[in-house]
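Participant: Using the sequences and the hints given, assemble the complete structure.
Chains as they are written, first to last, in the numbering used here: chain A, 1 to 380; chain V, 381 to 1094.
Lysine to any residue pairs mimicking SDA-like chemistry, simulated, CA-CA at most 20 Å apart:
no.: 1; chain 1: A; residue 1: Lys315; chain 2: V; residue 2: Val415
no.: 2; chain 1: A; residue 1: Lys75; chain 2: A; residue 2: Arg107
no.: 3; chain 1: A; residue 1: Lys84; chain 2: A; residue 2: Ala98
no.: 4; chain 1: V; residue 1: Lys917; chain 2: A; residue 2: Arg144
no.: 5; chain 1: V; residue 1: Lys617; chain 2: A; residue 2: His190
no.: 6; chain 1: A; residue 1: Lys233; chain 2: V; residue 2: Arg784
no.: 7; chain 1: A; residue 1: Lys305; chain 2: A; residue 2: Gly278
no.: 8; chain 1: V; residue 1: Lys972; chain 2: A; residue 2: Glu370
no.: 9; chain 1: V; residue 1: Lys617; chain 2: A; residue 2: Gln196
no.: 10; chain 1: A; residue 1: Lys315; chain 2: V; residue 2: Ala414
no.: 11; chain 1: A; residue 1: Lys233; chain 2: V; residue 2: Arg777
no.: 12; chain 1: A; residue 1: Lys233; chain 2: V; residue 2: His779
no.: 13; chain 1: A; residue 1: Lys83; chain 2: A; residue 2: Glu23
Everything labelled a hint here was simulated from the structure, so no lab data went into it. Just so you know, these numbers come straight off a predicted model, no measurement behind them.
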Amino acid sequence: MRRWILALDISHWTLTLDVRLMEQPEAVREAFEQEFGRFARFRGAESAAFDGLRLADVETTLRELSDLRTRHTGKKSALANLKKQIGRAAAEERAQFAQAVQQLEARIAEEIAKVERALQDTAARLRTERERLDVTLPGRRIRRGHVHPINLIRQRLEDIFVAMGYTVEDGPEIENDFYNFTALNIPESHPARSPQDTFYTTDGFALRSQTSTVQIHAMQRRQPPLRVIAPGKVFRRDTPDATHNPMFFQIEGLVVDRGISMAHLKGTVTEFLRRLFGTDVRTRFRPSYFPFTEPSAEFDFSCFKCGGTGCALCKQSGWIELGGSGMVHPNVLRAAGVDPAEFSGFAFGFGIDRMCILLYDLDDIRLLFENDVRFLEQFD
Amino acid sequence: MNISYNWLRELVAVELSAEELRERLTMRGLEVEAVTQAGDDYVLEVAVLSNRADLLSHLGVAREVSVLMGVPLRQPDATPVQAEGRAENFTAVEIVDPDLCPRYAARIVRSVKVGPSPEWLVKRLQAVGQRPINNIADITNYVMLETGQPLHAFDLEKLYERRIVVRRAQTGEKLMTLDDVERELDAEMLVIADGARAVALAGVMGGADSEISATTRDVLIESAYFSPASVRRTARKLGMQTDASDRFERGTDYEGVVRAQARCVALICELAGGAATVDAIDVYPQKIEPPTVTLRLPRVRALTGLPIEPQDTIRILTALGCEPVQAAVLGGEQMPADTTALELATVYPGATFSFAGPSWRTDIRIEEDLIEEVGRHFGYEHMQDELPAANAVGEYRAHEERRRAARRALVAQGYSEAINFSFIDAAHDEQFELLPALKARANDGTDHFVTLANPIIETAARMRPSLLSGLLAAVRHNFNHGTRDVSLFETGRVFAARGADEERPHERDALALVTTGRVREAERATASREVDFYDLKGALEAAIEAMKTGALEFAATDARHLRAGQAARVSLAGQAIGTVGRLADEIAAAYKFRQPVYVAEMDFAALLAARPAPARYTPLPRFPSVVRDVTLLVDRHVSFAELRRAVLELHIAYCQSAEVIDVYEGEKLPEDTRAITLRLEFRAPERTLRDEEVDVLYGQIVAALGQKFAAHLR
Chain A
1 MRRWILALDI SHWTLTLDVR LMEQPEAVRE AFEQEFGRFA RFRGAESAAF DGLRLADVET
61 TLRELSDLRT RHTGKKSALA NLKKQIGRAA AEERAQFAQA VQQLEARIAE EIAKVERALQ
121 DTAARLRTER ERLDVTLPGR RIRRGHVHPI NLIRQRLEDI FVAMGYTVED GPEIENDFYN
181 FTALNIPESH PARSPQDTFY TTDGFALRSQ TSTVQIHAMQ RRQPPLRVIA PGKVFRRDTP
241 DATHNPMFFQ IEGLVVDRGI SMAHLKGTVT EFLRRLFGTD VRTRFRPSYF PFTEPSAEFD
301 FSCFKCGGTG CALCKQSGWI ELGGSGMVHP NVLRAAGVDP AEFSGFAFGF GIDRMCILLY
361 DLDDIRLLFE NDVRFLEQFD
Chain V
381 MNISYNWLRE LVAVELSAEE LRERLTMRGL EVEAVTQAGD DYVLEVAVLS NRADLLSHLG
441 VAREVSVLMG VPLRQPDATP VQAEGRAENF TAVEIVDPDL CPRYAARIVR SVKVGPSPEW
501 LVKRLQAVGQ RPINNIADIT NYVMLETGQP LHAFDLEKLY ERRIVVRRAQ TGEKLMTLDD
561 VERELDAEML VIADGARAVA LAGVMGGADS EISATTRDVL IESAYFSPAS VRRTARKLGM
621 QTDASDRFER GTDYEGVVRA QARCVALICE LAGGAATVDA IDVYPQKIEP PTVTLRLPRV
681 RALTGLPIEP QDTIRILTAL GCEPVQAAVL GGEQMPADTT ALELATVYPG ATFSFAGPSW
741 RTDIRIEEDL IEEVGRHFGY EHMQDELPAA NAVGEYRAHE ERRRAARRAL VAQGYSEAIN
801 FSFIDAAHDE QFELLPALKA RANDGTDHFV TLANPIIETA ARMRPSLLSG LLAAVRHNFN
861 HGTRDVSLFE TGRVFAARGA DEERPHERDA LALVTTGRVR EAERATASRE VDFYDLKGAL
921 EAAIEAMKTG ALEFAATDAR HLRAGQAARV SLAGQAIGTV GRLADEIAAA YKFRQPVYVA
981 EMDFAALLAA RPAPARYTPL PRFPSVVRDV TLLVDRHVSF AELRRAVLEL HIAYCQSAEV
1041 IDVYEGEKLP EDTRAITLRL EFRAPERTLR DEEVDVLYGQ IVAALGQKFA AHLR
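Facilitator: See the structure below:
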């Protein structure tokens, strides 16, 4: 129909001109198609044309595509020229021409956009790929330090006893004779007093040889009823070896009240050990002798490793020896100004170092005071 | 003490195996450390508690077994097969010093034949670790191991005038003891002498001159009770420790003296022939009374918490040899004479009894001692778990939260906690500047250190006045083991001598830090850079911030152990509490450190006790602030703190803060100058400041700084 009308007007000059006009979009289209040809294969991000393409190639192609768009749709492009001619076209042809130009413009835009989208998607995909992280690399933080294992345990013990209603006490590390020996009912002739066993200063003071000294300070400071624990450093003249140090840590417990019995001692030690090792712990008290308690007993607890059936840790006995205990000797109560007719009390003590050996399976306690970073780093 | 199982079974009928016995004895306070087989016998190694002298004998252990099994003890035979004549016909005994020898008994056996012991005796001695000598010596040993009573045999003919004098030695008197060592004696030592000279060191060892030999015919058997303190003193003084002194020192059975002697004499007659005297010369001028101990029956349950019936108490104590001598019930009513203690206790469970302690038990003195005996034999395994009624709330040491906060903060900063020995080498005496608190307390300068009189090693005799020597030694230790990036801290006491009018040496809690090497990231082998002064300062500030004490002030200073120009004095609320800086080159050289080491030491006690600086709310600003940066070219000696203080001291209300942005020094700047860039922040609480206003304020500040520090604006 259109052709027929065109043919009808063919003899007219202007008509001849207009026929050329109507052909122009097609020419522009062909010119575009020719140049666009090499991009056409990138239609669709799944296109095989993308295989093996590197991000740089894709980015170059995107830039070239952008240039192509400028050339074919920019202000100086043939398409722009066609658009300018719409106004000049003969009235009767204008609509038709305009429509052709618009269709052309839309088609060019769509073709470019399609490829561009595919290229951008691919570029984004390749970029993501390139920025993929090794999430297994370590996080970024300063290398932290570690609390000394003795203090780790000490804090744990303090937490348990404070929760059980105990007050944490401390006393001097350099003691006089009264607190270190006399008040603890240690007789003049006792070997513990000898300079073989206890450190003395040149002016006659002793480095405290047990935290029991704090019993006296505590009773003098606060009247019974009282319940205290005293963790701290103590000193004995032992030559260092795998199981001895001339300095170590003890913790002492003391309860003084009316009507305190050995059953309270046992119950307290059991309760504390259960909080530390679990509810199935059992304790065992064996008669012993200490000058500052009467009756005296050493206590063992069921092995936390094997549960009491026997293993290397408990030397197949099922029991682990931990410390000494007993009912506070009336002479000790008197020395601290407490009336043994009214009050009785129990005391117990054990080595924090010993707890360290048990909990961490240490084979040489000299390591505790060498401060080798490789050692300290192992504890939390 | 080694106990022969077969021997024990002669003294008490025990059905238990050696292993079963081990378990039972251990739970009664006689810890059996090992059981070993010796031929057809077993040897039980008993760790005897230091207060139980009576257990250094088979009879003593047998007595415990008899109580725990409820079977009678069998006293060994002590009647000599042949006896004639009275001892006083053959010898005489005089005790010159009864204070050191309350009892001495001598008995004679004539016409013995000295030779080897029979096989059973040799085997038994060897089983418990004794070396056989000859029958006479072996028998005295045997009876000692059986009864706990040390005995000594003299060759009667070698005693001058055939008599015994127990006296103190004369100063300078000499005695050749059995071990062929000539001992020089002093006037506090007790000897056994004959009519002329000392022949034995009483309670410790016999003399060589009067020793039993192959030709000995008549023997004098000594059995005595010596003062424990006297024997202990003599043995210590001469550096001797023998089976006899071990027993006498702890206290032997003063009533068993003659009986043990009779046992010995009976065995000699049996095994070496001879005839004993029918009696002994027993010099015992003042009978020793056993202590009478009062026991209130209800106290047994009250103190042990064990369900012990009064009958149990009487039964156990009687079996152990404690004689009930008197009983009373409430109101003072005396007991009818014909009732037994057991009956009384059953009827009157609230009664009070008096017991005479056995003569072989030196450890029973007070009521609690009796209660322990009852509880021990009733069995601690029957004890229940009870908790005392709550009467208090738990409480940490003062400032425990701050201690832990500091510890956590330092750990987070990469520092590990060290614990060093409290005694150090005196060589460190003048190395470190001490904490102000110690310096101030040190008495007039001569010796302000606490020194051990008996260190284990000479190079560890000082009680540390500073934590730094320990930390530096730890750094050295780590270097030696290939760790070159080391950050450590320690809290602990440092010490100073007491002043003339003070009761005790000073102890003060200190906190010290050391860091060296590179800044390390967790789990990475690489390090970002070398640590420097500001890393240490930062760690310290982090700890102090966590302690919430308010900020520290730092000022350049000189300190003995710090390198000049890299040392700061640290103060809290105007009070000097420590120093921080780079370790001085001389000290670093002494430790052979070839990389910079930074150290800090603080008065931890002062930090712990500081007034807390609690968080407080300030309303959020409603108007924006304006910032202006200024770069000043100043002399290198002008510190940031001075610049900042100068700004703030202008008291320009709208100038809120002055913080450092950057510090530059280098070739582009004139020598001895540096450029510090500060950021000034201006804000008005009620409105937005206009630029022109800020410009005026900024101008004032810059002008003031320029004038005060000859600072040039760049």
